[in-house]
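Peer 1: One-letter residues, chain by chain:
There are 2 protein chains.
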Amino acid sequence: ARPRVGYFYTGKTPYMLIAEEIRHLKVNDVKSVPVVVKGDTSVYDTIVTLFTEDVGTIFIVNEEGCLEGAVSRKDLLKVTLGQGDIHKIPVQVVMTRVPNVVTVSGEESVYEAARKLVEHEVDALPVVEVVPQDDKKERLKVTGRFTKTTVARVFVELGEKR
Amino acid sequence: ARPRVGYFYTGKTPYMLIAEEIRHLKVNDVKSVPVVVKGDTSVYDTIVTLFTEDVGTIFIVNEEGCLEGAVSRKDLLKVTLGQGDIHKIPVQVVMTRVPNVVTVSGEESVYEAARKLVEHEVDALPVVEVVPQDDKKERLKVTGRFTKTTVARVFVELGEKR
Numbered sequence: 001a002r003p004r005v006g007y008f009y010t011g012k013t014p015y016m017l018i019a020e021e022i023r024h025l026k027v028n029d030v031k032s033v034p035v036v037v038k039g040d041t042s043v044y045d046t047i048v049t050l051f052t053e054d055v056g057t058i059f060i061v062n063e064e065g066c067l068e069g070a071v072s073r074k075d076l077l078k079v080t081l082g083q084g085d086i087h088k089i090p091v092q093v094v095m096t097r098v099p100n101v102v103t104v105s106g107e108e109s110v111y112e113a114a115r116k117l118v119e120h121e122v123d124a125l126p127v128v129e130v131v132p133q134d135d136k137k138e139r140l141k142v143t144g145r146f147t148k149t150t151v152a153r154v155f156v157e158l159g160e161k162r
Numbered sequence: 001a002r003p004r005v006g007y008f009y010t011g012k013t014p015y016m017l018i019a020e021e022i023r024h025l026k027v028n029d030v031k032s033v034p035v036v037v038k039g040d041t042s043v044y045d046t047i048v049t050l051f052t053e054d055v056g057t058i059f060i061v062n063e064e065g066c067l068e069g070a071v072s073r074k075d076l077l078k079v080t081l082g083q084g085d086i087h088k089i090p091v092q093v094v095m096t097r098v099p100n101v102v103t104v105s106g107e108e109s110v111y112e113a114a115r116k117l118v119e120h121e122v123d124a125l126p127v128v129e130v131v132p133q134d135d136k137k138e139r140l141k142v143t144g145r146f147t148k149t150t151v152a153r154v155f156v157e158l159g160e161k162r
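Sequence order for the protein chains is A and B. In this text, residue positions in the first sequence follow our numbering: the first is 1, and each later residue adds one. In this text, residue positions in the second sequence follow our numbering: the first is 1, and each later residue adds one.
Read the hints as simulated data drawn from the structure, not as lab findings. Check the hints yourself; a few may be wrong.
Treat identical chains as interchangeable: a pair holds within one or across any two.
Derived DSSO-like pairs: lysine-lysine, alpha-carbon spacing no greater than 30 Å straight-line [unchecked claim]:
(1) K74 <-> K116
(2) K137 <-> K38
(3) K74 <-> K38
(4) K26 <-> K88
(5) K88 <-> K38
(6) K141 <-> K88
(7) K78 <-> K88
(8) K74 <-> K161
(9) K141 <-> K26
(10) K161 <-> K78
(11) K161 <-> K26
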């Protein structure tokens, strides 16, 4: 059948085109620099880092830069309401631990990463790459951060393209 | 000139088409229910509301549901680090006040709303409509909430459309 006006030669609808573009973009093309602390950092110092770096989520890494956990503003707000001394509690006590942290690979699509944010109801994902280890444990090196802000930025850029 | 394969009959590029779609969607089509408290609510009770309603930003309204201010997780985290008693401080003391709250109309596009989130570096916008007043002051009735989560949701839906 002859395509209607407004449709592609190839028979693609506008929506298919948008979907293609969004699924084509890679996390590595749009990710930000990760903000990380070590697990023995106090909750107070972690909050200070959150404000000075102006991010919503902080990733906790070991000496080799491999992912151990994550804390969000929401997690930290909950801790400050508790009875403990946030100058003494190390962040590793209150963080969400690997493997419960939702991660994304830099080779995954922006669509897939956004889907993870929505599905798991988190504000940010660490961008990771798998580091082969001698033992059976898998290590994830943190190479970036993908957040709802990243999605909003990509969205605005799509709306501006010509 | 004859359009290249992959281009529109109308001469539009794929990117123009994506931009059109994003600029066509209205805030009213995708907004969420706003979560609001009165200005005399304590900071503590505001934080409790934030957790029970599971939102990142709370809007402060007067008796008529008109916007007075906004507080985010970040604002509330800062207050909990201070010396004051959060059970006694009313939220109106720590909120960002109108007219410094960035707002959006339900008739604006999702693109325009996302642009405001990115440009003003905020997580959420109250969706408002102007209420005519006898005096010269303009009142803004809060009718919804538009957040980075909304953008991520719309983004994922665009990626799934056929």
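Peer 1: Each hint should be assessed against the structure and marked as holding or not.
Peer 2: Now the hints, each set against the structure:
1. K74 <-> K116: both (18 Å within a copy, 23 Å between copies)
2. K137 <-> K38: within (20 Å within a copy, 51 Å between copies)
3. K74 <-> K38: This pair counts as both: shortest intra-copy Cα distance 19 Å, inter-copy 22 Å.
4. K26 <-> K88: Cα proximity of K26 and K88: none, with 40 Å in one copy and 48 Å across.
5. K88 <-> K38: Within one copy only: 14 Å inside a chain, 35 Å across chains, cut-off 30 Å.
6. K141 <-> K88: within (27 Å within a copy, 45 Å between copies)
7. K78 <-> K88: both (16 Å within a copy, 18 Å between copies)
8. K74 <-> K161: Neither way: K74 and K161 sit 35 Å apart in one copy and 32 Å across, limit 30 Å.
9. K141 <-> K26: within (18 Å within a copy, 40 Å between copies)
10. K161 <-> K78: neither (41 Å within a copy, 38 Å between copies)
11. K161 <-> K26: both (17 Å within a copy, 19 Å between copies)
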